[in-house]
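2 protein chains.
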Amino acid sequence: MGLVVQKYGGSSVADAEGIKRVAKRIVEAKQNGHQVVVVVSAMGDTTDELIDLAEKVSPMPAGREFDMLLTAGERISMALLAMAIKNLGHEAQSFTGSQAGVITDSVHNKARIIDVTPGRIRTALDEGNIAIVAGFQGVSQDKKDITTLGRGGSDTTAVALAAALDAEVCEIYTDVDGVFTADPRVVKKAKKIDWISFEDMLELAASGSKVLLHRCVEYARRYNIPIHVRSSFSGLRGTWVSSEPIEQGDQKVEQAIISGVAHDTSEAKVTVVGVPDKPGEAAAIFRAISDAEINIDMIVQNVSAASTGLTDISFTLPKTEGRKAIDALERNKGGIGFESLRYDDQIGKISLVGAGMKTNPGVTASFFEALSDAGVNIELISTSEIRISVVTRADDVSEAVRAVHSAFGLDSDSDEAVVYGGTGR
Amino acid sequence: MGLVVQKYGGSSVADAEGIKRVAKRIVEAKQNGHQVVVVVSAMGDTTDELIDLAEKVSPMPAGREFDMLLTAGERISMALLAMAIKNLGHEAQSFTGSQAGVITDSVHNKARIIDVTPGRIRTALDEGNIAIVAGFQGVSQDKKDITTLGRGGSDTTAVALAAALDAEVCEIYTDVDGVFTADPRVVKKAKKIDWISFEDMLELAASGSKVLLHRCVEYARRYNIPIHVRSSFSGLRGTWVSSEPIEQGDQKVEQAIISGVAHDTSEAKVTVVGVPDKPGEAAAIFRAISDAEINIDMIVQNVSAASTGLTDISFTLPKTEGRKAIDALERNKGGIGFESLRYDDQIGKISLVGAGMKTNPGVTASFFEALSDAGVNIELISTSEIRISVVTRADDVSEAVRAVHSAFGLDSDSDEAVVYGGTGR
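Those sequence lines, one after another, are chains A and B. At position 304 of the first sequence the residue is numbered 304 (the UniProt record's numbering), and the sequence of numbers has no breaks. At position 5 of the second sequence the residue is numbered 5 (the UniProt record's numbering), and the sequence of numbers has no breaks.
No lab work stands behind these hints, which were simulated from the structure alone. Yeah, the Cβ is synthetic: ideal placement off N, Cα and C, and Gly gets one too. Hints may be right or wrong, so weigh each one.
[Stated by the list, open to error] Beta-carbon label-pair distances, calculated as ranges: (1) B:Asp175 - A:Thr320: 39 to 49 Å; (2) B:Gly33 - A:Gln346: 51 to 61 Å; (3) B:Asp373 - A:Glu55: 56 to 66 Å; (4) A:Asp105 - B:Glu91: 46 to 56 Å; (5) A:Ser412 - B:Thr320: 57 to 67 Å; (6) B:Lys252 - A:Gln141: 46 to 56 Å.
Hey, can you work out the whole structure from these sequences and the hints?
Here is the structure:
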């Protein structure tokens, strides 16, 4: 029996009852012979309440102080959780990110972990304690200031600690039963995935699946830490995310051809109209965007109209960055040379993810057929080796996800396999 | 213009508006040319809310985790205060007790400061920042665990930092205008004291005055740090507590004969009845009490009745310790040898404090005359060099305080001096 890292999100520890329920589950793992390290988020809406307070005091709170404020949330939940465990007769000690050795860079509000030195955690474990660690936070290497890792950072804390402590598994407890083949709020027949590879999970996370953040999965893949995503409310087995299929009973879970359908309605589309079709134009556009520190997602350049020598370039980006991107392009209009800008935030993205695409020709064709049968118009297309994404009208997204989910035999009451017929991808 | 330490209590920073008001006051001190270090308590009822949460999770929360929990409160207020100051265009940085170098022993929930190493605070000041420090908390020297200093600990943090930084003054901002000659809720004519010596303030604090805690005044006296107690709501001059009378205008504030009247209804009286009047009996009683870690206040032994050779011993202690004391004595009844125990929690204590007692005979007589005129019966008496205390019925306390306050000419609309006639104290 080795070391297990468990992570509990805010909804699992929303109140005193939740904390006591979680404490029991942790004690079970300890009684099963594991060394247990627990990473915990702030209770329920604590973080949002603290953000509200900050906004009342200052419209633009400074990063360093904002991080100091937000980390109070985990301090509360971790101390209460340690108390609840001790109340069950087991030894527990809580540690801040700094005490747990979570060393980060100095980028406040979205720091990156650069090292984990869990000496105090190791000592606590060796002395028979359950170690409770504040998620989402660390301490900067140079200035010794408190930092936070950004939303979802507690998952990354858990995986990073699991890697540093050479854990058997990192269990991410949440309020859903695992990773599903689609968002169950949109697709009622979505199925829980028993196992998914790091690669497919990364693509799902990048395509709008909210269960695990991209950064956390990336970290787990780099250090090859299996993740088990499961519910803190039920005792059910959840979804394993790992490099190799896990055993279930006495047989291996098979690699699915298609892992799932993700969607995302948080993006907007910018179209740069009338760009001269000559070398360096795209570079100028995306240099302006990158200088404004905006991350973009898809990029599509239309075929140039021979008559005018002009082309259009479209890209998608988070809606929250839309204003900034338009401003950055307008400022550089002279240098870049384009006619006009179009901004559209009524779009949605549907992505089909699965390593099986590589070896199963026809997936792309089936995907487009399903969309076409559902009457969904496609505006942009982008692909990776194991993913196809399309941009559609936002209003069409739910219908499109359901159509694709069903067409690929992912619906839970359907056992039919999809036959991939066509040639090429 | 030197360095000023300001401390703001929870009622001064109870909400976003309070934090903004306090921020303005801090900035004024900075604009007046001071280096400013601010110690801040948790907002309003935050600490009580956290205690409630802890009780829901565990009936007997462990000290280490309880401290970790409570310190979240100051983390929130200090970060918000730093943001509010920066929003006014001034540089501010917040520091936890640990970051500020507040080193304590390892007694959780009531740790004592054993050293202050404010290197980071000094650097922040030298760089032109206002430094905001979490009150009430420190880090233990041996285990590097987070500790708290007990209720009122923020005042001690402020004085300790003032001493370590060699501050000109430690300003304690609160929701009253200063230290009064009596509790203004009981005595409407109570006057604000302009200046009071450390010694008199120590006696007042020990006798029930809530404005400053005994430990904080003791610390200030040891390092000779003047304290200025004042309101964060008005801009008025408050009460100076220092070794030498301060100047006011161009004349020195004179040492008052009597500083004030304090009262305390938080104590109970235990009477050990029928104790053999022989050496070692009192020692046995108070060893039993001290082994149970109970602090007691007054002790009185009655004259032994010659006929029986038995005597009664009474002492007072916090009501909260009453149960524990009775249990400890009952457990040791055989060894000590007494007839019975009486427990009375309907008592009150009135204390008259003033260094002038030493040189003004008759203070004691006037004190008892005032009580007698008010028809107040005295149950116990205890004195120090500059204090007389009596225990009465709890119901008589308010009337007794008013009578004594008036008799010593402390009422605000009275200018008459009290003539001390009698002989002896």
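A quick look at each hint next to the structure:
1. B:Asp175 - A:Thr320: 39 to 49 Å: Roughly 42 Å apart at Cβ, these two residues keep to the hinted range, so it holds.
2. B:Gly33 - A:Gln346: 51 to 61 Å: Holds, since Gly33 (chain B) and Gln346 (chain A) (Cβ atoms, about 57 Å apart) stay within the stated range.
3. B:Asp373 - A:Glu55: 56 to 66 Å: 60 Å, holds
4. A:Asp105 - B:Glu91: 46 to 56 Å: Hint violated: Cβ distance 22 Å, outside 46 to 56 Å.
5. A:Ser412 - B:Thr320: 57 to 67 Å: 60 Å, holds
6. B:Lys252 - A:Gln141: 46 to 56 Å: With Cβ atoms ~54 Å apart, the hint holds.
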